[in-house]
Amino acid sequence: MTLQSMAPPVGARPPAALTMAAALNAAIQDSMRDDPTVVLFGEDVGPLGGVFRVTDGLYAEFGETRVSDSPLAESGIVGTAIGMAIYGLRPVVEMQFDAFSYPAFEQIVSHLAKMRNRTRGRISLPIVIRIPYAGDIGGVEHHSDSSEAYWTATPGLTVVSPSNPADAYSMLREAIASDDPVIFMEPKSRYWMKAELALPVQTAPMNTAVVLREGTDVTLIAYGPTVKTALATAELATAEGLSIEVIDLRSLSPFDDATVGASLRKTSRAAVVHEAAQFGGYGAEVAARLTERNFFHLAAPILRITGFDIPYPSPKLEEYFLPTPDRILAALGTWEWS
Amino acid sequence: MTLQSMAPPVGARPPAALTMAAALNAAIQDSMRDDPTVVLFGEDVGPLGGVFRVTDGLYAEFGETRVSDSPLAESGIVGTAIGMAIYGLRPVVEMQFDAFSYPAFEQIVSHLAKMRNRTRGRISLPIVIRIPYAGDIGGVEHHSDSSEAYWTATPGLTVVSPSNPADAYSMLREAIASDDPVIFMEPKSRYWMKAELALPVQTAPMNTAVVLREGTDVTLIAYGPTVKTALATAELATAEGLSIEVIDLRSLSPFDDATVGASLRKTSRAAVVHEAAQFGGYGAEVAARLTERNFFHLAAPILRITGFDIPYPSPKLEEYFLPTPDRILAALGTWEWS
Amino acid sequence: MSLNVETPIVSTASAPQPLRLIDDTGHAVTDDAGGFTLPDADTLLGLYRQMVVARRFDVQVTALTRQGRLATYPSALGQEACEIAAVASLAPGDWLFPTYRDSIALLTRGVKPEDILASFRGEWHSGYDQYEHRIAPQATPLATQALHAVGLATASKLKRDSTVALALLGDGATSEGDAHEAFNFAAVWQAPVVFVVQNNQFAISVPLDKQMHCRTIADKAIGYGMPGFYVDGNDVAAMYAVTSAAVERARTGGGPTLVEGLTYRMEAHTNSDDPSRYRTAGDVEVWRRRDPIERLETYLVSIGALDDRVQASIREEAEDLAAATRECMTRPVQVDPLELFDHVYASPRPALAEQRAFLSAELAEHAALADQASATPSSSTTPPSSTTHSSSTTHSSSTTHSGAHA
Amino acid sequence: MSLNVETPIVSTASAPQPLRLIDDTGHAVTDDAGGFTLPDADTLLGLYRQMVVARRFDVQVTALTRQGRLATYPSALGQEACEIAAVASLAPGDWLFPTYRDSIALLTRGVKPEDILASFRGEWHSGYDQYEHRIAPQATPLATQALHAVGLATASKLKRDSTVALALLGDGATSEGDAHEAFNFAAVWQAPVVFVVQNNQFAISVPLDKQMHCRTIADKAIGYGMPGFYVDGNDVAAMYAVTSAAVERARTGGGPTLVEGLTYRMEAHTNSDDPSRYRTAGDVEVWRRRDPIERLETYLVSIGALDDRVQASIREEAEDLAAATRECMTRPVQVDPLELFDHVYASPRPALAEQRAFLSAELAEHAALADQASATPSSSTTPPSSTTHSSSTTHSSSTTHSGAHA
Ligand SMILES: Cc1ncc(C[n+]2csc(CCOP(=O)(O)OP(=O)(O)O)c2C)c(N)n1
Ligand SMILES: Cc1ncc(C[n+]2csc(CCOP(=O)(O)OP(=O)(O)O)c2C)c(N)n1
Ligand SMILES: [Mg+2]
Ligand SMILES: [Mg+2]
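Residue numbers (the numbering used here), protein chains in the order written: chain A, 1 to 338; chain B, 1001 to 1338; chain C, 2001 to 2406; chain D, 3001 to 3406.
Calculated directly from the structure, the hints in this document are not laboratory data.
Don't be surprised by glycine CBs; every beta carbon is placed ideally from N, CA and C.
Don't take every hint at face value.
Every beta carbon over 12 angstroms from chain A, so not counted as near; a handful from chain D, in silico [unchecked claim]:
id, residue
1, ALA3028
2, ASP3040
3, GLU3285
4, GLY3304
5, ASP3307
6, SER3360
7, ALA3370
8, ALA3373
Distance condition first, Cα-Cα at most 25 angstroms in a straight line; then the derived DMTMM-like pairs of lysine to aspartate or glutamate [as the list claims (entries may be wrong)]:
id, chain 1, residue 1, chain 2, residue 2
9, B, LYS1266, C, GLU2354
10, D, LYS3112, D, GLU3319
11, C, LYS2159, B, GLU1336
12, C, LYS2159, B, GLU1235
13, C, LYS2210, A, GLU61
14, C, LYS2210, A, ASP56
15, D, LYS3159, A, ASP34
16, A, LYS266, B, ASP1035
17, A, LYS228, C, GLU2362
18, B, LYS1194, D, ASP3274
19, C, LYS2159, B, ASP1034
20, C, LYS2159, C, GLU2132
21, A, LYS194, C, ASP2274
22, D, LYS3112, D, ASP3274
23, D, LYS3159, A, GLU61
24, B, LYS1266, B, ASP1256
25, D, LYS3159, A, GLU64
26, B, LYS1266, A, ASP56
27, C, LYS2210, A, GLU336
28, A, LYS266, B, GLU1292
29, D, LYS3112, D, ASP3320
30, C, LYS2159, B, GLU1061
Could you build the full structure based on these sequences and the hints that come with them?
In C-alpha cells form, the structure reads like this:
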C-alpha cells in the first residue's frame, strides 16, 4: 500500500457500543482512510496495536508504509515526525505513557511548538502526539503521571483531552486535521468507558468547553479523567441540595474563557478538579484567569481539588491521592455559604 | 588534587564590588573549599570558565578531578550527577542556557525529583543544577527562555532564583549544602549587576521571600530578573502617589505563603511580574494560591504582568515582550481604585 | 564510484557467532572462544543453583501475578544466564543498576522476595534498602539507569575507590539517547562500569530488526572506543567469564566494557502483554531448546558435578523460596497513607505539612463515618469511597486493576 | 584472561589517515583513496569560486558583528571545504538541515545575505523561505535537526520521491542523544539521508578528546550498520567526492551514510567567545597551513585551471557580495511588533488577539506620549521605556547587547 492509494470514503455506520479506546482507534482509521498523508508510528503501535490497543488493526489495514513500529526512542519519534511534517505528511505518534514523553521534551518544546512561529508561518507541523495520561489503573511508577502543565505552559502547542468516547472520536479527528501540533491527552482510566455511538460522530469543536450538566450553585471544572468524578460529585450533591454545573474543558490550551466565564458569572463559585499535583498545576491557570476576568462576580475563591504536591503514588496508595467526590464535596463545604 | 585534599577554611574578605557572576563564582569556590565532596562539571565550565564566566578560575584551583568539561549532552550531565550523588558526592552542574536543559528533562523529572521519595528517603540527591535563564541580553532564539514553570510544577524539586549579588552568593551556598536537589535559576540579564559585598555573606534563608521595599497600596511580587523592574516601578509610582511594596520571592518552590500573604493582607492588592509567558506560567500559581488563602482580604483580582503567550522573540523585538515599569503601572491602573 | 564498495572503516561482515563456552547441547566448546576459558565446576554449580532457584521464583511470581496478587511482573524466564552471571561477577561493594526486568538479579544478590516485589505489588516504588544491597532502584524509564551507573562509577574513580558499577539494559533500551550518552561518558571518563545488554530480541512487541541495523549490539562499542563482546546469553559460563573479566578490567583502571548477551524473552513482556500478536509458538519453541539451565545441567551431569542428591537439595531450596514468596504475597499489604508526604523533600515544607494534616483529618473522618455507617447501615449520605481507613490501613492484596505495564 | 586482548569486534588500530584527494601542499594524492577519484577541473574550479566567495562573506560578517551590527555570528572560517562540498553534492530538490554554524552553506545554496543574517541580527528567528530553498531553519539545539532530516528523508521514501536530505552536525553535537537516535532511525528505516559531521575539533572550548574516546567519528557508523567515511575536511575534492557518492547512494535506495570531515574552527566560537582561554595561537597556526582554499588554489594553478583573470573575476564577485552585505547590514532593521502574534498558531486564538490588541494600544499610547513629550520636553512622568514606537518601527541596527551565544 502506498501513500497515494485510494481507500473507500468513510461512511456512516450503525450505532454500536464503543469504548474510548475503540473510538480513538476508529478516529485514526477514518482519518487514514480519508487522507493518505496521515501516517502512524511509535513504540508497539504496529502488529501489537499499542499497549492499550488503540491502534489495533491499523497495521493490518494500512501496512508497514503507513503504520510502523519505530525504534525505541521518543525524541527520535517526535523529531522524525517533524521532518515528515515538513515534507507534507501528517504524523500521528504515540508516547506509550506520559512519563515516557519526557525524553522528547526538547523536540516538543524547542521545535514542535516553535517551528511555525520561527518560520513566520511557512512551516506548519500538523502532528498529533497521543499521550495516555493520569492514573487510577493500578500502574506502577511512571505509568500514572499527568503532564499537562508542561504542555499548557508552552506557547505554540494545542492541548486537548477527551473525557468520553464520542469526544475521543470527534476531537482526535479534528486534531489530526488541524494544522497546529496537538498534544492529545488520553485519560487511560477511561479507555474502557463505553458509549453507544454511530460513527462518524461530530461533537462540539475541539477548542471549546461544554457544559455537561447544568446547575446553579457551583461551577465544577474538570477535564479528561476527572469529568466522570465531577459528574458523580454533582449527582451526590443533589442529595445535599447543592446544584452543581459541570464543565468539561476538553481544550486545555486554548482555554475557553467564554463558556467557563459565563457559567461562573451565573453560579459565582467555581472549583477545578485534576489529578496532577496542585502546585504549578493546570488548575492554577484556570483559577488565576477566571479570577482575573470575573473577580467581582465571585462569591468565594476558586478552589483547586487536585492531587497532593507529591510524586504520583504506588497502586495501593493512589486512592488517597486521587480527588474523589467526597473530597470535592468536603472542599466545597469549606466555603462560607451565606 | 584529590577529593580528600584539605583546603584553607573560607575566611572573611574585605568588601569589594562584585557582579552577580562573580558572587556565584565565589559561592562555588567557597563551597568547594569547605567541602571536598562538591564537584563541578558541565559544558565549557572548565578552562573557559563557562560562557558567562561563572566558573572562572575554578578549574585552575581545583583541577580536573573536581572541575571538568563533560561531553556535550545534558541528559548525560544530569544522569551522571545522579549516580555521583548516590555515591556521596555533591555535584554542581550547569545547563548552558535554559532551553538546553530540555534534553535533561526526563532525568530531572523522572529521577532527580523522585529518587528520594522512591527510596523512602534512603537516597538523597544533593545536586544543584545551575540554569542561566530569561532574556533581555539580545540573545538569539533558545537563549532567553524562562523555564521555571516546568520545574515548579514538578514535586520533589526546590526551585530558587536570586535577584542580586548578595543573594546569589548566599543562596547558592545554601543550595549546594542542601540535601534536596535544587534548580538554581540565574537571571542572565543580571549577571553584570554589581554590589559591594564582604564575603562570605549570608542573607535570608533560601526558602523565604523578602520584602525589598515597603509600601501600603499594592504588593508587587517579582523574582530573578523582574525584581529590578519591580523596584523601578515602585520608584516611578511614588511620583503618582502610589505606594508599592516589592517582594522578591527568591524561592519559587517552596512558595513563602507567610511572607507574601502578610503583605497582601496589608495592601489588599497584588500583582506578580515575570518574563515567561502568562498562560500556565508560574504567576498562575502565585495568583491562585494567594487568592485561595486571602480571598476576603482582596480588594481586586491579583494581576499577572508577564510575557505574552508566544515564544520568546528575537533581540529586536524583545523590548515589546518584556514587562516594563510602564506596562506594570498601566496594569495597576486597570484596577478600580476606590 | 559508489559507496557500496567496502571501506576499511565499515565492517560489512555478517554477524559473527556469539562467544560461547558451553554449546546448546551442553558440550564444552573446544575451538577458540576469544581467549576465555570455562569457569571451574564449583563456580558453574553455584551458578546453576542460583539459576534454578531464580527460575522457580520467577515462575512463582508470574503465577501470583496471574492470580492478581501483583499489579504487574516482568518475567526474566529464559534470561537467567545473563542475570545471574552479571550478579556473580560483582564484588560485594560493587553497585548494580537493574531494570524492571531484573528481579531475579536482585534475588540472587540477597534481596528478600517481599522487598523486591513491594514495587510490583504497589506498596511503594522501591521496596529494598539500596545502600544495604548496593542496588539502585529498578529503573523503568529505559536506559536512564545506565547514566546513573556511569556517574557512580566515576565518583568511585574520583575517590580512588575500587567500586565498580554494572548496569543492566535491554536491546530496545539501547535505542534511547541516554544509552548513547552513558556509553560515551563512560568511555571519555574511563569510568569503571560494565554495561550488560540483555538482547532478548524484543522490546515488548518490537523485534530486533526494527530496533537496529547493525550486526550486533556489541558492535556499538566501537563507536565509543570501548571493548564490546557478543556473547551467547544463554551460556552462563561464557557470560560469567566475560562479565567477570570486564568487572576486573574496570576495577583495575581499564575503563568500561559493553557486553551483549544474546538471549530470548520466553514469557510475555508483562502479564498484560499478548505475545501471540507478534510472535508464534514456534519462534518460542526454537529458544526453549536453547534453555540456559538445561544445557548447563547436561554439562554438569556429564562431568559428574551434578547428581540427584545435589539436584534434590537445589529443588528443595527453590521450593522453599517459592513457598515463602507465596506466603508473603498473600499476607495483606501494609501501607500508611500519611507516609506519602514523608520522603518528598529532606527539608520540611509547610504546604506539604498542611496537605498531610488534611489527609489525616479526612482519614479520621472517614473512619468515624464508617463507624457511624456500621451503626446505621442504611445511611446513604456516606460518600462512595469512604470505606474503612486508618492511618495504617490493611488491604486485601488482590487487585482488579488492569492495564498496568512496566 | 584479560579484556585487553584484542577481540574480533573492536578495532583497536590507531586512527587511520583521513581520505584525501588533494594533500596539504596542493598535490593530487596518487595512492589509494578508497576508490574515490578527483573531480574534474571545472567542478573543482566551481567549488573554489564558491569557497572564496563564502570566505569573503564570512570575514565580512564577522567584521560587522565586531562592529555591533549583529547580535552574534558563528563563523565557518576554515571549514569552507565541508560546507561547500555538502551543498554542491545536493540536487535542487534535496533538503539541507544546517546549524547556526552553516551560514555559508545557505549562501552557497542561493539564500540572500540579508535573509541569512536576519536571525543573527535579531529580526526574526529564521529569515529565509525554507520551502523556496529547501533549507530547514538553522538549528541551535544541537543534533535536533538530524532527526528532522531523517524524518523528511523517510517521508520522501514513503512517497517514493527521490528527495535526499543532508544534515550538517558538529563534533560536539554527536554526543547528544538526538544524534544517536537520528543515526539509528536512519539506518533502521534506510532513509535517504546523509549526515555530514564537521569535526572542527572543538565544541566551544571543549576539545575532541573530552568529547569522545573512539578513533574517529566515522567509526560511530559501525554501531548503526551504515557506511562511515573519515575524510580530510579541508580537502574539498575528497569531501565532494564522498558526499556526492553518499547522496547518490541515498537517492538510489542505498540508505544513510555518515561522513566525517576533519577540519578546524579558525575563528572564535562566536564573537562572545575567547579562544585564548583554551587554545594557543600556535595550535591555530598549524591549521592555517592546512587551509582548504590555498591548497585547492595551488592545485588548480598547477594544472593550469586557474589564472589571474579568473582569480580577478572571483575576487570581484566576492567583493561585490561583501559590499552588498555591508550595505544591507547597515540598512535599518524593520520590525513589526504586532507580527509577534501572527505565527504562533494556524488557528486563531481569542486570548492572543486580546494580547495583540493590548500591545497595539500600548504602542499607540507611547507614540502619543512621545508626541506630547516632544511638545513639553521637561515632562518627567513619561515612563523610561516609552520612546518612539509605531506598529512598524525603525531601529538603528547597532546593538549594545552582550552575552549572546549561538
Ligand atoms: C523511556 C521509556 N519509553 C518507553 C517505555 C515503555 N516500555 C517499557 S519496557 C519497553 C520495552 C523495552 O525493551 P528492552 O529494552 O528490550 O527490554 P526488555 O523489556 O526486553 O527487557 C517499553 C517500550 C519505558 N519504560 N521508558
Ligand atoms: C542542546 C544544546 N546544548 C548546548 C548548546 C550550547 N552550544 C551551542 S554551540 C555548542 C558547541 C557545539 O559544538 P559542535 O557540535 O562541535 O559544533 P561547532 O560549534 O563546533 O560547529 C554548545 C555547547 C546548544 N546549542 N544546544
Ligand atoms: Mg528486549
Ligand atoms: Mg565543533
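Hint check:
1. ALA3028: holds (38 angstroms)
2. ASP3040: holds (33 angstroms)
3. GLU3285: Fine: 38 angstroms to the nearest Cβ keeps D:GLU3285 off the interface.
4. GLY3304: Check passes; 45 angstroms lies beyond 12 angstroms.
5. ASP3307: holds (43 angstroms)
6. SER3360: The claim stands: D:SER3360 keeps its Cβ more than 12 angstroms from every Cβ of chain A (closest is about 19 angstroms).
7. ALA3370: holds (28 angstroms)
8. ALA3373: Given a closest Cβ separation of 32 angstroms, the condition holds.
9. B:LYS1266 with C:GLU2354: It holds: about 23 angstroms lies between the C-alpha atoms, which stays within 25 angstroms.
10. D:LYS3112 with D:GLU3319: Between D:LYS3112 and D:GLU3319 the Cα gap is close to 15 angstroms, so the pair holds against 25 angstroms.
11. C:LYS2159 with B:GLU1336: violated (64 angstroms)
12. C:LYS2159 with B:GLU1235: violated (53 angstroms)
13. C:LYS2210 with A:GLU61: holds (20 angstroms)
14. C:LYS2210 with A:ASP56: OK: C:LYS2210 and A:ASP56 at ~19 angstroms, within 25 angstroms.
15. D:LYS3159 with A:ASP34: Holds. D:LYS3159 to A:ASP34 sits at ~17 angstroms (cutoff 25 angstroms).
16. A:LYS266 with B:ASP1035: violated (61 angstroms)
17. A:LYS228 with C:GLU2362: Distance ~22 angstroms between A:LYS228 and C:GLU2362 Cα, so the pair holds.
18. B:LYS1194 with D:ASP3274: holds (23 angstroms)
19. C:LYS2159 with B:ASP1034: Cα-Cα ~17 angstroms, so holds.
20. C:LYS2159 with C:GLU2132: Holds. C:LYS2159 to C:GLU2132 sits at ~20 angstroms (cutoff 25 angstroms).
21. A:LYS194 with C:ASP2274: holds (23 angstroms)
22. D:LYS3112 with D:ASP3274: At roughly 29 angstroms apart (the allowed maximum being 25 angstroms), D:ASP3274 and D:LYS3112 break the hint.
23. D:LYS3159 with A:GLU61: holds (18 angstroms)
24. B:LYS1266 with B:ASP1256: Since the Cα atoms of B:LYS1266 and B:ASP1256 sit roughly 16 angstroms apart, the hinted pair holds (cutoff 25 angstroms).
25. D:LYS3159 with A:GLU64: holds (13 angstroms)
26. B:LYS1266 with A:ASP56: Roughly 60 angstroms between the alpha carbons, so the hint for B:LYS1266 and A:ASP56 is violated.
27. C:LYS2210 with A:GLU336: violated (61 angstroms)
28. A:LYS266 with B:GLU1292: holds (20 angstroms)
29. D:LYS3112 with D:ASP3320: Judged against 25 angstroms, a Cα distance of about 13 angstroms means the pair holds.
30. C:LYS2159 with B:GLU1061: holds (18 angstroms)
Violated hints for the displayed structure, listed by number in ascending order: 11, 12, 16, 22, 26 and 27.
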